[in-house]
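Visitor: Chains A, B and C supply the protein sequences, listed in that same order.
So that you can map any letter, position 27 of the first sequence is 27 in the numbering used here, and since no number is skipped, the others follow by simple counting.
Here the numbering used here = 1-based position in the second sequence + 109.
Here the numbering used here = 1-based position in the third sequence + 401.
Rather than coming from a laboratory, the hints here were simulated on the basis of the structure.
Don't take every hint at face value.
Stated by the list, open to error - Some chain B residues judged to face chain A by a derived CB distance under 10 Å, without partners named:
| no. | residue |
| --- | --- |
| 1 | Phe115 |
| 2 | Asp128 |
| 3 | Trp129 |
| 4 | Ile133 |
| 5 | Asp338 |
| 6 | Glu339 |
| 7 | Ala340 |
| 8 | Glu341 |
| 9 | Cys342 |
| 10 | Val344 |
| 11 | Gly357 |
| 12 | Val368 |
Unchecked claim - With a cut-off of at most 20 Å between alpha-carbon atoms, the simulated EDC-like pairs for lysine to aspartate or glutamate come out as follows:
| no. | chain 1 | residue 1 | chain 2 | residue 2 |
| --- | --- | --- | --- | --- |
| 13 | B | Lys298 | B | Glu280 |
| 14 | A | Lys21 | B | Glu282 |
| 15 | B | Lys272 | B | Asp380 |
| 16 | C | Lys525 | C | Glu514 |
| 17 | A | Lys21 | B | Asp380 |
| 18 | B | Lys272 | B | Asp258 |
| 19 | B | Lys272 | B | Asp285 |
| 20 | A | Lys21 | B | Asp258 |
| 21 | B | Lys272 | B | Glu330 |
What the hints assert, rightly or not - Which residues of chain B face chain C? A partial, calculated answer using Cβ under 7 Å:
| no. | residue |
| --- | --- |
| 22 | Ser171 |
| 23 | Glu242 |
| 24 | His281 |
| 25 | Val283 |
| 26 | Trp392 |
| 27 | Gln395 |
Nothing here was measured: the structure is a model prediction, and the numbers come from that model.
C-beta: ideal position from N, C-alpha, C; glycine also.
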Amino acid sequence: MLGPRNMVAARYAALPAAALKRVQVGGLEAIYHLPSGITHLLAEPVPDLLDALARLGPGRFADAAEVLQLIADRFDIEGDDPAEPHEAVLAERLAELAALGLIAISPDK
Amino acid sequence: MRHSCFITVGPARFRIGSDWRAPIDLLRSLYRDYPLEQVVPDFTVRLQATSALRRWIRPAVSIAGDFTLPDAAPLPLSQALLAAEMAMNLQMALGWRRHLLLHASAVSRGGRAVIMTGVSGAGKSTLSALLGERGWRFLGDEFVLLDPDSGMIVPFPRPVSLKNAAIAAMEHEVDDDDRFGPVLRDTPKGTIRHLRPRTEAIGLMTRETQPALLLFPRFGEPRAVRRVDEAECFVRLTQASTNYVALGERGFDALTHFVRSIPARAIDYTDGEEGVEMVERLWSEQGVKAAA
Amino acid sequence: MMDANEDSHGGNKSACSDGGDALGKTSRRTLLIGAVATSAVVSIRPALAQAAGSVLNCMIPVPEHGNGKFIDAAGKLVSPDTPGAFPPSPRDFTGEEVHQALQGRNLPGTSREQSRAYLNYIRKLQNGQSGFTCYASLQMPRR
């Protein structure tokens with residue numbers, strides 16, 4: 001169902017916990033994605049985004065605004081560029097995670 | 110194959126077949142201290158003539174085996190030892206699954222190993238050979254095997270493949286011509302000469318050892334030391350491994366555990382003596398910390 | 402020893418705004434979220450040796466060389482004058498070709514029956530025979 005802006009914000013959810021193996025390696029997090037066998041390295045804030053979605057529960061979808069809310073409950077947020085809305089930055093990171101298959105993305109309704 | 114032999118290096122067992130007798134004789138001499146009994150091999154390697162005619166006329170060795178790179182150019186028969194080395198390397202690099210394989214050299218002392226990794230020519234091979242003559246146990250110059258279950262280093266102490274300037278350096282260090290193989294000139298890798306490891310090192314090749322220090326050496330640069338953090342180690346080692354991806358989750362577990370459990374330094378050095386001195390000094394420092 | 406050029410690449414550690422307030426409660430951590438254009442994920446790409454290795458490049462001779470035997474429909478080695486037996490393959494097969502043959506294609510340059518005989522031979526390979534490691538690596542799950 002399309003709203004007046006003709007664009008519905010993408011919604012994301014955590015994968016089942018068994019799909020990912022996460023290990024802190026120095027200042028980054030190494031993550032092994034079992035379904036693909038691919039290893040990725042994650043820098044801040046990505047591990048915290050994964051944590052936020054994981055706390056929501058696998059299969060519970062949230063858009064960037066909701067994820068920002070979850071994060072803001074725990075942390076003070078700071079972006080590199082004051083001109084960039086935090087939600088836009090998180091939306092980009094979430095899209096990146098989804099493209100790599102590290103979180104699920106909700107099909108368009 | 111008309112002629113053949115069996116060679117065991119560390120945990121790996123090779124059967125080497127050849128269309129000519131000479132390479133097998135040379136291998137039997139170079140590997141005389143290694144187990145040469147007939148075994149069920151992990152890999153078969155064949156040194157074969159590129160055509161029936163080429164067995165006799167300007168003989169050229171083509172490498173074949175369980176694993177091969179189809180475009181590899183043949184080598185002249187005089188370089189058959191190099192062909193055999195390349196073939197055995199290839200089997201390990203492409204086919205070994207029991208351990209995580211790292212392009213690295215290693216030596217140990219007192220049950221603790223220093224692992225040295227870097228690109229070809231960075232000096233890890235020569236450094237390990239030098240340390241092997243200075244009271245360290247030689248564990249390997251090309252491959253380091255990491256046991257995913259125990260986290261231990263498994264030796265692969267094949268004969269050191271010395272190239273170009275390193276040959277003279279080690280001839281100076283090891284005053285015994287019998288420890289060396291023949292000089293191979295004009296190979297694709299320059300001049301090559303193999304150095305047989307000390308018999309004690311070969312005798313201990315089935316004994317695993319604990320990793321304790323990871324180094325990224327760089328030969329021919331002004332002396333310097335830099336701490337390398339775990340994330341950088343992890344990335345560099347995935348590139349230095351030939352089977353990280355193939356090992357899947359086991360590889361991930363082995364490598365994350367490895368980089369989290371030992372300190373790492375990048376060292377630049379101008380010559381072999383300086384390199385040895387830096388390794389030994391870092392080693393004692395780490396030993397003191399470990400004991401503390 | 403002096404770590405003269407020591408510079409620790411500690412990654413993107415967040416600034417810790419801890420220290421606690423008068424009540425002893427730790428104050429909140431600041432999360433540095435970066436910028437839209439700054440990617441925060443690096444995927445490990447295997448070095449060329451890994452990508453090109455294994456299945457694509459391993460070879461399986463049918464049968465092992467220097468045998469002189471022929472292959473019957475069940476993949477067993479038999480003497481050359483056995484009726485219905487196939488001659489040794491003039492060329493080795495790559496792991497990739499065998500992989501596809503196991504999924505239904507014929508091995509290149511062979512008829513249906515010949516391909517089946519060869520595949521039966523390959524399936525019977527034991528540790529120590531030429532091509533066994535290659536065949537075994539086809540069976541191993543990739544992860």
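Visitor: Restraint: B/Val344 near chain A, CB-CB cut 10 Å. Satisfied or not?
Guide: holds, 7 Å
Visitor: Holds or violated: the hint that B/Glu339 contacts chain A, with Cβ atoms closer than 10 Å.
Guide: holds, 3 Å
Visitor: Are A/Lys21 and B/Asp258 close enough, with their CA atoms no more than 20 Å apart?
Guide: Holds - the C-alpha atoms of B/Asp258 and A/Lys21 are around 17 Å apart, at most 20 Å.
Visitor: Please check whether B/Val368 passes as an interface residue: C-beta within 10 Å of a C-beta belonging to chain A.
Guide: holds, 6 Å
Visitor: Are B/Val283 and chain C close enough, Cβ to Cβ, to be under 7 Å, as the hint says?
Guide: Hint violated; B/Val283 Cβ to chain C Cβ min 28 Å, cut 7 Å.
Visitor: Is the shortest C-beta separation between B/Gly357 and chain A less than 10 Å?
Guide: Where the cut-off is 10 Å and the nearest Cβ of chain A is about 5 Å from B/Gly357, the hint holds.
Visitor: At a threshold of 10 Å, is the proposed contact between B/Cys342 and chain A supported by beta-carbon distances?
Guide: holds, 8 Å
Visitor: B/Lys298 and B/Glu280: Cα distance at most 20 Å?
Guide: holds, 19 Å
Visitor: How about B/Asp338: closest beta carbon in chain A under 10 Å, or not?
Guide: The hint holds - B/Asp338 has a Cβ within 10 Å of chain A, the shortest such distance being about 4 Å.
Visitor: Can B/Ala340 be said to touch chain A, with a Cβ gap under 10 Å?
Guide: holds, 4 Å
Visitor: Does A/Lys21 pair with B/Asp380 here, judged by a C-alpha cut-off of 20 Å?
Guide: Cα-Cα ~43 Å, so violated.
Visitor: Given B/Glu341 as an interface hint, is its Cβ closer than 10 Å to any Cβ of chain A?
Guide: Cβ of B/Glu341 sits 7 Å from chain A, so the hint holds.
The structure is inconsistent with the numbered hints 1, 2, 3, 4, 14, 17, 18, 22, 23, 24, 25, 26 and 27, although it conforms to all the rest.
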